[in-house]
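Chain G: place on chain C using the hints.
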Amino acid sequence: MVDGTASSAPDAHKPAARKTGYSNPAFRAMGLPALRLPSRNWMIFWSSLTLVISGIVYDKHQQKKVREKWCDLVAPLSQGTLRIDRKPRKITVFVAPPPNDYLDTSMFVWRRFVKPVLFAAGVDYEVFTEEKQGLIRFEVAQRVRDLRKELREYDARLKALEQEKRPWNKIKHTVFKVWPSNRGSQVQDDETEMLLAKKFKAEFDFRNVLGPFYQNRDVTAQISSEDALVANPVYAGGVIILGRGAYKEYVTGLCEGILGPLEPPKPAEMAVPDDTEPPVATSGNPEIESKDESKEQTTQPEETDNVLQPFITSDNYSSASFPSELSGVTVREPDTKIPAIFHQPILMLSIPHLVGFLNIPERIYRFYNRRTDAERYCRATASCVLQKIRPFESSDLKLGLEEEDDWPKKWVEQAKQRNSDWVKPLVADERVTKLLSVYDDEQVTK
Amino acid sequence: MSFLGFGGQPQVSGQQKISTAEAELDLVTDMFNKLVDNCHKKCIQASYSEGDLNKGESSCIDRCVAKYFETNVKVGENMQQIGNSFAPGRA
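Residue numbers (the numbering used here), protein chains in the order written: chain C, 1 to 446; chain G, 447 to 537.
Isolated chain C, as found in the complex (with noise of 0.2 angstroms):
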């Protein structure tokens, strides 16, 4: 009895806090105990971390989703054959750190949503990433250069060629002359065609034929790539572009490199603004840096090599003549007959990417609709690898602009001291921008 008061005590307490909860015969029978709900607080814990993870998967839920279903529309591309003497359409692709971070928030966006569709399409690509402001734009402009001298020795050899062919080409002329044009020419079509085909039969041979099984000539035939064999183009190649400071660099670089000299500008004339201004750079970076040693390593510019020294600024792009060696229809590799870089249309995929403490709830958000990002990058690409193209217009020079308004401030501060591309306004020239095409992802069905 007395056992049976102390503890009754305790026990009329005991049934007023915690609630009796669920529980039947067969559960008891079971060991189980009373089914109840938790503790408020507990349950304000538990639907929060919910709701937060279960964001995150149907996010990335919905982005798998997406990525198949432009992987799935693209991937017929990929079933044709290729013939062994051929290579595969290849795609460029520039991509740049955004202001402020690194290089890896870039090829996120590039490994997650660009590359499956590429890979899924069957086309060969070659990414060039740069870590220090300047080197896609140097790097362009180095590609143009190349190519309008390989294109100069090859005129040049041209000439010599013609100058030894002179007699002939004159005895030629004359025979022409005489000869009625119209019939004449029809006459003699007919005649070479009849040649051509008795020359054809008198070398055809089985063993051509018999592909790598035989020794035959064919089989080292040279190596083409599919982007040689169109006829426009700007059915050839590609070129993507990721985050809007990679794009202000190749644009500029194009300009570079079409409009600039072939030689680097002597460092007599450079030197005077150069020498001034890097020490004046220079400077100003440690303090600046000391200041914000807190803040995020940042990957910044530095101008300051000489290499990356442009050969041609943009004021100076109207007084610069343009290349007669670039003045045909379609430049092509002289070797590869691969329609130049600017001809192939560009493709500029714009990464927002915002930093920041006081900027995370806007991240947030951010962070919890990556799928409409996605959806942007994964059609775009399509737009890449189905051709849909348009020509290039001047209001194009601001693509991806709504990026720069993520760049933080202070960055753009920096830079705008040590002269940086990134936040000049692009300018570029007419003559470089008629040549230029891009693609369209408003045209892609689906």
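Keep in mind that the hints are not guaranteed to be accurate.
Distance condition first, Cα-Cα at most 27 angstroms in a straight line; then the derived BS3-like pairs of lysine-lysine [claimed, not checked]: (1) C:K90 - C:K115; (2) C:K60 - G:K488; (3) C:K65 - G:K488.
Examples of chain C residues toward chain G, derived with CB under 10 angstroms [what the hints assert, rightly or not]: (4) L77; (5) G122; (6) V123.
Bear in mind the hints are in silico, worked out from the structure with no lab data behind them. The beta carbon of each residue, even a glycine, is placed where N, CA and C say it ideally should be.
Frame of chain C; chain G shown alone:
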């Protein structure tokens, strides 16, 4: 023994040459087999619906082989560096 392979050549060279050649052949064959295995696994669909490679597969294999070789060379160079840096310690 000889220093840098000079001296005492006639006795050992035949046997040594063969063994090094064998080792090298093993290495190359091994690498080739691994390369074929990996790139096959990565690029070629197991349904084998067609006799020929299709475009996607061939460009995938192109990239795969190039990447494998490049990596192999890089790893080899690195290993050699490590080996070189260890050798003086041993001697």
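So, going through the hints one by one against the coordinates:
| no. | hint | result |
| --- | --- | --- |
| 1 | C:K90 - C:K115 | 13 angstroms, holds |
| 2 | C:K60 - G:K488 | 24 angstroms, holds |
| 3 | C:K65 - G:K488 | 22 angstroms, holds |
| 4 | L77 | 7 angstroms, holds |
| 5 | G122 | 3 angstroms, holds |
| 6 | V123 | 7 angstroms, holds |
In this structure, every one of the numbered hints holds.
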